[in-house]
Amino acid sequence: MNAITPMKPWKTPLLRLFFFVLGAIKPLQADLKNLSFIHFARWVIVGRNQFPLLSDKQPREELRYDYLIFFSNFNGTWNQYIDAFSAVLSRGLNLIWRWSEKFPGSTPVTPFKDYIGRVQFDTDYYYNCYPKAATNDVKAALRVQDALNDFAKTSQSLSPVEFENAYLEFLARVQPDLGSTGIAPVGT
Amino acid sequence: MANESGQVYGLTILSPIIEDERLDIDHTTQLRWYLSTLPRDNTSPFAKVSSTYLARLVVLDDVVFVGKPACEEHLKSRYLIFETNFDGDLDTYLRSMASEVGEFVDAVWKHCVGYPGAGNSDAFVAYMKKCQLQTTFFFADVNDRTVRDTLRALQTQSALTHFIERNQGKPPVEMQKLFGIFLDRLKSAPAPLPGGRADEKSVTEGRPHD
Amino acid sequence: MIRTDNTKIDVSDIQGFVLKGYNFPHARFLLLELLHCEDAQSFLLKLLPDITTGERWDKKPLTTLNIAFTQQGLVKLELPLATLLSFPLEFQQGMKARREILYDTGKNDPANWDAVWRDERVHVWLAVYAQGLPALEDTCAGILQIMEHTHGAKLLQAQDACSIYLNNQPTSYEHFGYRDGFGNPDFKGAERECVPGQGKLVKDGGWEALATGEFLLGYADEAGELPVAPIPHLLARNGTFMVYRKMHQNVAAFRNYLEEKGKLYSGGKEKLASKFVGRWRDGTPVELSPEHEDKSIVADDNRNTDFTYGNDLGGLRCPIGAHIRRANPRDAFGFNGQLINRRRIMRRGLPYGQYVPDGQPVNDQDERGIIFMALNASLFRQFEFVQQQWIEYGNDAHQGNDKDLLTGNHAGKSRFVVQGTADAKNPAFICAQLPNFVELRGGDYFFMPSLTALQMIASGTVDPR
Chain H
0 MNAITPMKPW
10 KTPLLRLFFF
20 VLGAIKPLQA
30 DLKNLSFIHF
40 ARWVIVGRNQ
50 FPLLSDKQPR
60 EELRYDYLIF
70 FSNFNGTWNQ
80 YIDAFSAVLS
90 RGLNLIWRWS
100 EKFPGSTPVT
110 PFKDYIGRVQ
120 FDTDYYYNCY
130 PKAATNDVKA
140 ALRVQDALND
150 FAKTSQSLSP
160 VEFENAYLEF
170 LARVQPDLGS
180 TGIAPVGT
Chain X
0 MANESGQVYG
10 LTILSPIIED
20 ERLDIDHTTQ
30 LRWYLSTLPR
40 DNTSPFAKVS
50 STYLARLVVL
60 DDVVFVGKPA
70 CEEHLKSRYL
80 IFETNFDGDL
90 DTYLRSMASE
100 VGEFVDAVWK
110 HCVGYPGAGN
120 SDAFVAYMKK
130 CQLQTTFFFA
140 DVNDRTVRDT
150 LRALQTQSAL
160 THFIERNQGK
170 PPVEMQKLFG
180 IFLDRLKSAP
190 APLPGGRADE
200 KSVTEGRPHD
Chain G
0 MIRTDNTKID
10 VSDIQGFVLK
20 GYNFPHARFL
30 LLELLHCEDA
40 QSFLLKLLPD
50 ITTGERWDKK
60 PLTTLNIAFT
70 QQGLVKLELP
80 LATLLSFPLE
90 FQQGMKARRE
100 ILYDTGKNDP
110 ANWDAVWRDE
120 RVHVWLAVYA
130 QGLPALEDTC
140 AGILQIMEHT
150 HGAKLLQAQD
160 ACSIYLNNQP
170 TSYEHFGYRD
180 GFGNPDFKGA
190 ERECVPGQGK
200 LVKDGGWEAL
210 ATGEFLLGYA
220 DEAGELPVAP
230 IPHLLARNGT
240 FMVYRKMHQN
250 VAAFRNYLEE
260 KGKLYSGGKE
270 KLASKFVGRW
280 RDGTPVELSP
290 EHEDKSIVAD
300 DNRNTDFTYG
310 NDLGGLRCPI
320 GAHIRRANPR
330 DAFGFNGQLI
340 NRRRIMRRGL
350 PYGQYVPDGQ
360 PVNDQDERGI
370 IFMALNASLF
380 RQFEFVQQQW
390 IEYGNDAHQG
400 NDKDLLTGNH
410 AGKSRFVVQG
420 TADAKNPAFI
430 CAQLPNFVEL
440 RGGDYFFMPS
450 LTALQMIASG
460 TVDPR
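Protein chains in written order, with numbering that gives the first Met the number 0: chain H, 0 to 187; chain X, 0 to 209; chain G, 0 to 464.
Pulled out of the complex, with its shape left as it was, chain H reads as follows:
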């Protein structure tokens, strides 16, 4: 998802301040990780004088507002994603977007969805190195790989009885992470 929102320039330093204040970032990071359906997300501030000017034939931008651009890569449907944001991330999201013009707040959810719908713009080309894997699958797979690497070190040198016990422990360790990967449900 891509979204761009205008900010009055005097508000931009406040946004930067809040991003770097530990109180804002850490809980937001933790919640994003716990929601566990976002691979990557970023917020980028483009000041009104920061649009790249690379030739004198290119007209210089004359803008009143700074712009906050948001990019994310997530699993699930758009509605599910915004519902979850609104339900559990509202404080963090408010701290980021309250400086944008006409932001209605992240709760209640319907005006929030309307606002996001208005400030979104479409992606022209998208590449994903693991299209069938959700971020949960990736994390699970990495845990399985680590467990396998550990077990593989000794598995063949144990006695059969020792192997049996070690295998059971190995199973107990990897068992939550064995979900299959595949195509996700269609958007609604």
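It is possible that part of the hints are untrue.
As a list, the in silico DMTMM-like pairs of lysine to aspartate or glutamate whose alpha-carbon atoms are at most 25 Å apart [to be verified]:
no.	chain 1	residue 1	chain 2	residue 2
1	X	K169	G	E259
2	X	K169	G	E269
3	X	K75	H	D55
4	G	K262	G	E136
5	H	K138	X	E20
6	H	K152	X	D61
7	X	K128	H	E61
8	X	K75	X	E20
9	H	K101	X	D61
Covered stretches of chain X, as calculated for chain H (at least 3 residues, CB under 8 Å) [said to hold, decoys possible]:
no.	stretch
10	35-48
11	57-66
12	71-85
13	89-102
14	149-161
The set of hints was computed from the structure by calculation and includes no laboratory data.
Quick reminder that beta carbons are idealized off the backbone N, C-alpha and C, glycines included.
Assemble chains X and G onto chain H, guided by the hints.
For chains X and G alone, kept in the frame of chain H given last:
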């Protein structure tokens, strides 16, 4: 540095697109057409820049008017946004773009102002850095592995689950032998290709009312 | 801690089917096609006085009567266009058009549905519940007479359903042998004590009734908003939406699978059966009693739904992918259950077809299964979401693409993991090559209006202003 999280780098490039009234089909349209024809699976150019996790190219036509009392304003140029998440450092990534998929890079960025071409990788890197935006807040759910390791892990997970299910309840001596064979097979399995196959799509781009 | 609430809702305006499970053993669902608007309206007007409301009964009636409409039905009744277009999108489309979203593909594809559902002519669902068969026949005969007299409707199919009788007593068991009907959500204003476990979790670990607007239109929902509802307000208020799905059960396939895997599973067949669902077949919640059934818990309504998964995130008691855990994750996704509260549905199902006791030969070609009905204020946000994201997919539960073992449309692919320990007596166990134990044979989305709204529909006085 806010562009990085662990091993992952979040690069955002904003490149002004050339406005040329003399053309029948302007640069923005040509660019969009080109992007719509690009494959998204393991034959994608980004699959060759193999440290790429997720990348996107977006044409920004204009800024958004959110309604009164906000003021309406417009951009004088259109911009190409390149947003990518990869493992490793920036210079290496940019140089590998120029060397691995120079043709693709030229086909995209030739529509942009001041683009020097991928042939001269120093000039290319300098150009990209001139267009780079600093990320204010970057979140990466998994930030401590390379793309190659991640793809291997997914392959392992699938193979292991299959193995476990098929051999449930077998006696320990047999299990141990089978497990050894499994480990060998896994080690010599070909590296999985980044990008998957053409009909697959999992992480959405987040369009409303999809 | 049990909390009750003082929200008052007008029970005489709401259809009884929404507010209570009647617990009558017999039912007949009359699926009707409406013919001409005026005749249909006369028919409805004649039925109106007999529609069962949510009012308290001094004495249980012999039969009840309730009614609901598909979008096509409302079109036939010539509701104003502006009103018809104001219904939620998914209701307007109907369940058949939503098949990609619901995974009603392959074996569950509409091409395999009963003709009555495949052909999309069902306009009205009339439900008659009865304490006994003679009363059922009587009431239905009366309705058919009115239908003939007014020429208002044509009977497309009469779907019978009936509780499974064991030892000559009606029970709440279903055909796979599990006791059903636990855990329906409590909501504010419904006239019953909030039973622990049925509502939503609150901060101190207690339970509270859900917002009325999760199940009735015209009231605030869990997000503090009014659910999407048709205009005018009077048409929507006190109404709700219902999904009806006729789910054929492949009892032979299930019994064979359980038998086969039960031999390999360390805990044996009954324990494996309990792991599939998250309840032992007698209803004991696995989360509270993972090693054996416990009649004392089942019998106590204050205990049989009072549990959470917070201390069992590894699935060692109740498997992470078990049916009831998928359908209602409670606190399993963290955030104190907040992500769950807008995803609850009210179930009213009843089995159909002849029951065959375990051990006797049973044929999966026979008509046998469950008429699944669920009520919610938003089909899209509640039923469709649970179906698509939690039953037919597993990402939220960290089970990847694995589907619900019992009802998932497996198409030969998914698997089910029973989490275990490092003890050889209780190791992890994977169930693969899952057949489709359940197949969809038809259904649709219905609007169940209030009595006021029904009056408006029947007299042609719906005005969208």
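Outcome of the hint check:
| no. | hint | verdict |
| --- | --- | --- |
| 1 | X:K169 x G:E259 | 16 Å, holds |
| 2 | X:K169 x G:E269 | 22 Å, holds |
| 3 | X:K75 x H:D55 | 13 Å, holds |
| 4 | G:K262 x G:E136 | 46 Å, violated |
| 5 | H:K138 x X:E20 | 50 Å, violated |
| 6 | H:K152 x X:D61 | 56 Å, violated |
| 7 | X:K128 x H:E61 | 23 Å, holds |
| 8 | X:K75 x X:E20 | 13 Å, holds |
| 9 | H:K101 x X:D61 | 18 Å, holds |
| 10 | 35-48 | holds (count 7) |
| 11 | 57-66 | holds (count 8) |
| 12 | 71-85 | holds (count 8) |
| 13 | 89-102 | violated (count 0) |
| 14 | 149-161 | holds (count 10) |
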